[in-house]
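A.B. asks: Given the coordinates of chain U, assemble chain W onto it according to the supplied hints.
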Amino acid sequence: MSLVLTHATRSRALPHPAVLMHAIGDGNKAPVANPKTTPDPWTTCLIEFKQTQDAQRFADLFGHFAPRVKAFLMKSGASAALAEETTQEALATVWQKAHLFDPSMASASTWIYTIVRNKRIDAIRKQRRPEPEDLPWGTEAPQSSEEILAVSDEQAELRRCIAELPLAQRQMIERAYFGDLSHYEIAEVTGLPLGTIKSRIRLGLERLRYELKKSRE
Amino acid sequence: MTDLSLKHHLPDSLLAAYSAGALPEAFSLVVATHVSLCDQCRAAIASHEAVGGAVLEDIGQVSVDDNSLAATMARIKADGRLAAKPARPAARSIFPSPLVEYVKGGPENVRWRRVGAGVKQAILPCDGNATARLLYIPAGAAMPDHSHRGLELTLVLQGAFADEVDRFQRGDVEVGTEDLTHTPIAEAGLPCICLAATDAPLKFKGLLPRIVQPFFRI
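Taken in order, these protein sequences are the chains called U and W.
The first sequence lines up with residues -2 to 214 when you count with the numbering used here.
The second sequence lines up with residues 3 to 220 when you count with the numbering used here.
One or more hints might be untrue.
[Stated by the list, open to error] Below, in silico cross-link-like pairs of lysine to any residue (SDA-like), each with a Cα-Cα straight-line distance of 20 Å or less:
#1 W/Lys122 to W/Ile187
#2 U/Lys94 to W/Ala80
#3 U/Lys210 to W/Lys9
[To be verified] A few chain U positions that, by computed beta-carbon distances, are all more than 12 Å from chain W:
#4 Thr35
#5 Glu45
#6 Gln48
#7 Ser142
#8 Val148
[What the hints assert, rightly or not] Stretch by stretch, here's where chain W covers chain U in the computed footprint (C-beta under 8 Å, at least three residues):
#9 123 to 129
#10 195 to 203
Quick caveat, the hints were computed from the structure, so don't treat them as lab data.
Glycine included, each C-beta is placed from N, C-alpha and C at the ideal position.
Here chain U stands alone, though its shape is the one from the complex (with noise of 0.2 Å):
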């Protein structure tokens, strides 16, 4: 019943459609249309490596990211050769910092980006990184499986709506990302009908408000 409740609680509170889902899954074992019980498989793969420490899930994980990772460094204007040492650096991060992966904060993908990020800023900026406080909580604080499925399920989402923005568009948005735009080039950009994302972006938002909130409470 206090199961119910919770959920009933965090619905009100923001109403996103995969809690609600699982909710009715989890609550009458009914077979629901589509239930996603699951977050993707990568974020599934990353905490199962952060539970276990097993080298054949970070295989897997190095199979699918380091070419990605790759890829992005000489978008970014890396040479093959700093690409690829770099990659090897951040992968190597990923290992060395997966306990400290919360699930309920990001998905796998986007985890890895903020550490290839840094690489990029480190390797080809030569610059310093400063990033905020840790939070005081730390990745102690249980996650419970639907807040990491509504990251999971975000995440799903944004790429699809960045997939279907117009081709200038989502370059812009590429570039931006690849460190090729200025922040004052970034903010004429932010300024775009960029509408379909600026809303996917606003509902993450609104839950990842609410997540903090509740874990200073």
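C.D. replies: For chain W alone, coordinates are given in the frame of chain U:
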């Protein structure tokens, strides 16, 4: 460690630029320090980072070297597991940890230099085309009238100041652009300590500050 009375946040475009890794180091330092005090902006950054995650996922692939995984494993063995960043050394310090890393300590470790009228400043080492500095303004004192050629971010860490725009207290950020000319005055009470970053030298209205500006880099 967040302050609910925080009223002046960073504009979304700067949070997006920070998430994309597009800010000069000095601005990143202000963002990281503000976000350490502000969950609202922390959440906004996390949602912009999700866009970066989506870009990474769909960027395509470039084959890694044949021995890439083995070389990565060798790096891991050499380095070991990285611990979480150490928590703020003195929990009561007014400096959040990103700033502690630049000052190498708390307010007592700042190497202040006097710039006149009781105002002190300390330039922080930052690469790129923007500078960061800490400002110390005695209660009741005013900063010289100035306008800006570029962008200036001023984050309050202690005390409060007021200018033609509004009142700013701990955690608040004032965003100065070319059309802002203001005279910040520190409130009575504690000295006002701010972290400020700009990508252009400030322009002062009076003659004297213009003469001393090259010497003090304010």
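A.B. asks: Compare the structure with the hints numbered earlier in the document and write down the numbers of the violated ones, lowest to highest.
C.D. replies: Hint 8 is the one this structure does not satisfy, whereas the remaining hints hold.
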